[in-house]
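K.L.:
Single-letter residue listing:
2 protein chains.
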Amino acid sequence: MKGKLVLVPNTLDLGTDCEVDLREVLPQAVIERAAKLAYWATENAKTTRALLKRVDRLVPLALPLQQIQITELPRPAKGGAVARGASPDLKPLLAPALAGHDLGLLSEAGLPAVADPGAALVQAAHAMGIVVEPLAGPSSLLLALAASGLNGQSFAFVGYLPVDTASRAARIRELDALSRRLGQTQIAIETPYRNDALLGALAEHLQPGTRLAIASGLTLPAGRCETRTAQQWRSTPGPALGGRLPAVFLWLAA
Amino acid sequence: MKGKLVLVPNTLDLGTDCEVDLREVLPQAVIERAAKLAYWATENAKTTRALLKRVDRLVPLALPLQQIQITELPRPAKGGAVARGASPDLKPLLAPALAGHDLGLLSEAGLPAVADPGAALVQAAHAMGIVVEPLAGPSSLLLALAASGLNGQSFAFVGYLPVDTASRAARIRELDALSRRLGQTQIAIETPYRNDALLGALAEHLQPGTRLAIASGLTLPAGRCETRTAQQWRSTPGPALGGRLPAVFLWLAA
Numbered sequence: 408m409k410g411k412l413v414l415v416p417n418t419l420d421l422g423t424d425c426e427v428d429l430r431e432v433l434p435q436a437v438i439e440r441a442a443k444l445a446y447w448a449t450e451n452a453k454t455t456r457a458l459l460k461r462v463d464r465l466v467p468l469a470l471p472l473q474q475i476q477i478t479e480l481p482r483p484a485k486g487g488a489v490a491r492g493a494s495p496d497l498k499p500l501l502a503p504a505l506a507g508h509d510l511g512l513l514s515e516a517g518l519p520a521v522a523d524p525g526a527a528l529v530q531a532a533h534a535m536g537i538v539v540e541p542l543a544g545p546s547s548l549l550l551a552l553a554a555s556g557l558n559g560q561s562f563a564f565v566g567y568l569p570v571d572t573a574s575r576a577a578r579i580r581e582l583d584a585l586s587r588r589l590g591q592t593q594i595a596i597e598t599p600y601r602n603d604a605l606l607g608a609l610a611e612h613l614q615p616g617t618r619l620a621i622a623s624g625l626t627l628p629a630g631r632c633e634t635r636t637a638q639q640w641r642s643t644p645g646p647a648l649g650g651r652l653p654a655v656f657l658w659l660a661a
Numbered sequence: 408m409k410g411k412l413v414l415v416p417n418t419l420d421l422g423t424d425c426e427v428d429l430r431e432v433l434p435q436a437v438i439e440r441a442a443k444l445a446y447w448a449t450e451n452a453k454t455t456r457a458l459l460k461r462v463d464r465l466v467p468l469a470l471p472l473q474q475i476q477i478t479e480l481p482r483p484a485k486g487g488a489v490a491r492g493a494s495p496d497l498k499p500l501l502a503p504a505l506a507g508h509d510l511g512l513l514s515e516a517g518l519p520a521v522a523d524p525g526a527a528l529v530q531a532a533h534a535m536g537i538v539v540e541p542l543a544g545p546s547s548l549l550l551a552l553a554a555s556g557l558n559g560q561s562f563a564f565v566g567y568l569p570v571d572t573a574s575r576a577a578r579i580r581e582l583d584a585l586s587r588r589l590g591q592t593q594i595a596i597e598t599p600y601r602n603d604a605l606l607g608a609l610a611e612h613l614q615p616g617t618r619l620a621i622a623s624g625l626t627l628p629a630g631r632c633e634t635r636t637a638q639q640w641r642s643t644p645g646p647a648l649g650g651r652l653p654a655v656f657l658w659l660a661a
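Residue numbers (the working numbering), protein chains in the order written: chain A, 408 to 661; chain B, 408 to 661.
Treat each hint with caution, since some may be false.
[Stated by the list, open to error] Cβ-Cβ distance ranges computed for the label pairs, FRET-style:
hint : chain 1 : residue 1 : chain 2 : residue 2 : range
1    : B       : A457      : A       : G536      : 35 to 41 Å
2    : B       : A534      : A       : A506      : 54 to 60 Å
3    : B       : G536      : A       : A445      : 49 to 55 Å
4    : B       : R601      : A       : V570      : 41 to 47 Å
5    : B       : A577      : A       : L470      : 51 to 57 Å
6    : A       : A661      : B       : A577      : 35 to 41 Å
Bear in mind the hints are in silico, worked out from the structure with no lab data behind them.
Ideal Cβ positions, reconstructed from N, Cα and C, are used throughout, including at glycine.
Kindly generate the complete structure, drawing on both the sequences and the hints.
P.N.:
Listed below in structure tokens is the structure:
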């Protein structure tokens with residue numbers, strides 16, 4: 408009897424100055440389930456241990472932290488391009504499930520395997536006949552979409568935009584045209600220290616009437632979401648996002 | 408001082424034979440917040456009262472249910488095409504927030520304003536300077552994406568496919584080609600009683616090597632997610648989805 412691959416949602420406060428109460432963002436049953444798992448596959452063992460300590464304060468861990476096996480996923484870094492071609496052998500990571508133990512998959516933020524490298528492990532689990540069970544939890548992308556008031560019936564997540572100025576401008580214009588043609592909300596993310604640069608580029612290169620929403624720090628006390636036209640962002644930029652809060656950028660052409 | 412528009416997530420069990428414990432899918436703080444709200448804008452007053460009764464069993468409501476004001480959003484029905492042009496006046500719905508009270512927005516399932524008509528109210532709130540606060544909760548679309556093992560770094564939600572057989576086949580081929588060109592996971596939903604028909608059409612019209620995932624009843628005991636190639640779905644269809652469980656369909660071309 409195989410164990411399951413359990414997709415465990417994380418909080419959205421990593422790298423911020425704020426540590427939210429887990430009960431603000433995770434269902435009680437998810438916290439209890441996390442406290443029971445003895446095997447984990449994660450992006451980062453250190454932040455996983457930090458989360459498990461927070462779990463332990465609410466629901467005592469079934470095993471001492473030192474006895475919980477945490478194995479890191481192979482890189483690339485979160486949000487990088489999907490590796491095509493040669494992929495690492497993920498079977499060793501799934502060994503606990505093959506041996507009958509439930510195995511938790513955890514991302515650095517929100518749902519694992521969304522906007523991070525975890526999908527390859529989920530794919531490998533399906534290929535090996537391991538049942539995949541996703542636990543309910545927050546996704547910053549969809550919280551941002553809900554809060555934006557933009558079209559929630561047709562949307563696309565496009566990941567990171569190019570860093571190079573000219574390529575980024577071209578990509579913004581391309582995605583603005585796509586949004587207009589399909590009536591589709593476009594969703595992008597950025598490394599926090601580049602948030603203000605991306606906001607500036609979007610305000611500059613989107614058509615003036617395109618509605619642009621910035622959601623930052625959602626689920627945190629500092630969380631906010633503002634939706635204005637690109638023209639309005641240009642004329643009244645508002646306070647800087649700063650380099651600490653995770654942000655989600657969304658736009659819908661008029 | 409205006410109140411906020413609070414986006415309250417719902418469970419994913421509407422219309423199924425199963426009523427999950429709210430603590431499986433909603434954070435404790437969200438249940439507590441819902442128990443305090445005296446004003447709601449929702450798709451359906453009856454199902455909203457049913458949810459509030461479930462809340463009340465865990466956290467007593469601040470007001471008797473009869474005194475809680477529940478106002479229904481104007482149609483169109485959930486998931487229908489986005490109305491363009493003439494839009495109803497939503498200001499009366501936002502009157503409680505303008506008068507200083509927090510106002511809850513609730514969908515029939517999952518996050519409000521995603522794959523439902525709530526976005527127009529959120530847009531109106533932004534236009535009137537009402538702060539929008541999304542509370543953490545599940546989205547069946549992203550739980551399905553996480554569980555599918557398909558590309559979680561580039562994906563699009565396309566809503567419902569056409570019902571007409573020929574139009575649906577053409578749309579499936581179009582979205583398969585788009586998925587191949589962009590490496591983008593395509594996500595669609597269907598009214599439950601048509602789930603098996605859609606699965607059959609996808610298995611028939613997607614390219615044989617396209618990976619197709621069906622996630623049904625996620626967060627319910629009967630929940631499952633299977634990912635196989637269209638060719639495999641054709642040759643071994645597996646048990647019928649039946650007409651009761653909500654399902655999400657996802658595919659990624661090879």
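K.L.:
So, for every hint listed, does it hold in this structure?
P.N.:
How the hints compare with the structure:
1. Evaluation of the 35 to 41 Å hint for B/A457 and A/G536 yields a pass: the beta carbon distance comes to about 38 Å.
2. About 56 Å separates the C-beta atoms of B/A534 and A/A506, a value consistent with the hinted range of 54 to 60 Å.
3. Checked against the given bound of 49 to 55 Å, the beta carbons of B/G536 and A/A445, roughly 50 Å apart, stay inside it.
4. Here the CB-CB span from B/R601 to A/V570 is close to 44 Å, well matched to the stated 41 to 47 Å.
5. Roughly 54 Å separates the CB atoms of B/A577 and A/L470, a value that falls within the hinted 51 to 57 Å.
6. At roughly 28 Å, the beta carbons of A/A661 and B/A577 sit outside the given window of 35 to 41 Å.
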